[in-house]
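Chemist: What follows is the residue order along each chain.
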Amino acid sequence: GEDVEQSLFLSVREGDSSVINCTYTDSSSTYLYWYKQEPGAGLQLLTYIFSNMDMKQDQRLTVLLNKKDKHLSLRIADTQTGDSAIYFCAEKRGGFKTIFGAGTRLFVKA
Amino acid sequence: NAGVTQTPKFQVLKTGQSMTLQCAQDMNHNSMYWYRQDPGMGLRLIYYSASEGTTDKGEVPNGYNVSRLNKREFSLRLESAAPSQTSVYFCASSEYGMTKTEAFFGQGTRLTVV
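Chain order of the listed sequences is A and B. Be aware that the first sequence starts at 1, since it is given in this note's numbering, and climbs by one per residue. Be aware that the second sequence starts at 1, since it is given in this note's numbering, and climbs by one per residue.
In short, the hints are calculated from the structure, not lab data. Quick reminder that beta carbons are idealized off the backbone N, C-alpha and C, glycines included. There's no promise every hint is true.
Said to hold, decoys possible - Some but not every residue of chain B turned toward chain A, in silico, with C-beta under 7 Å:
1. F10
2. L43
3. E102
Use the sequences and the hints to build the structure in full.
Modeler: Structure follows, in structure tokens:
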């Protein structure tokens, strides 16, 4: 099917690590993305990973890609209250088609 | 430092009314997109414009039309609004397609059709 699936909610304590998971369907996807949406704002690209990579690290963010299981995860180390937002997983397929998940709402408790 | 600007931010329409959502980008991007965001669902592509002078249907084009007025502007028109079109609409732009280069999104238009 078309779906990119994510759990809808995640709650963590400030300072803990957050792990947001995503499964996608198209094994031919070239790029996989994580976008962040803060209240009242549009989406902002947080990070991306090319499909021939297993892992990408960028400061507090670690992206893991398991192509066999079509599973993508985003780990946020030392989660802060400012990380509270909705996180969208997305996969780029052919042409201009980018499929987005429904988003995971991250709550960070102080 | 405007990026992608959408107007209006909020709109309430009666069923059957028409309206145009405006979008402009100042980054000299070739590609522009219109998405809708519904609760519990991902963003769904309505229409896109790969480059100035071209437009193509996305996943959910029914009930909408678009115009790529020039390189900067891409408008979305609802000819006869229906309650099913109640949603948050996002315009986005990118250099060419949505590859590894960043796609920039506007702040969204929250549309309610009653």
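Chemist: Would the stated hint for E102(B) survive a check requiring a Cβ distance to chain A of less than 7 Å?
Modeler: holds (5 Å)
Chemist: L43(B) was flagged as interface toward chain A. Is the shortest Cβ-Cβ separation under 7 Å?
Modeler: holds (4 Å)
Chemist: For the hint on F10(B), just tell me whether its beta-carbon gets within less than 7 Å of chain A.
Modeler: violated (11 Å)
Comparing the model with each numbered hint stated earlier shows that hint 1 is the single one that does not hold.
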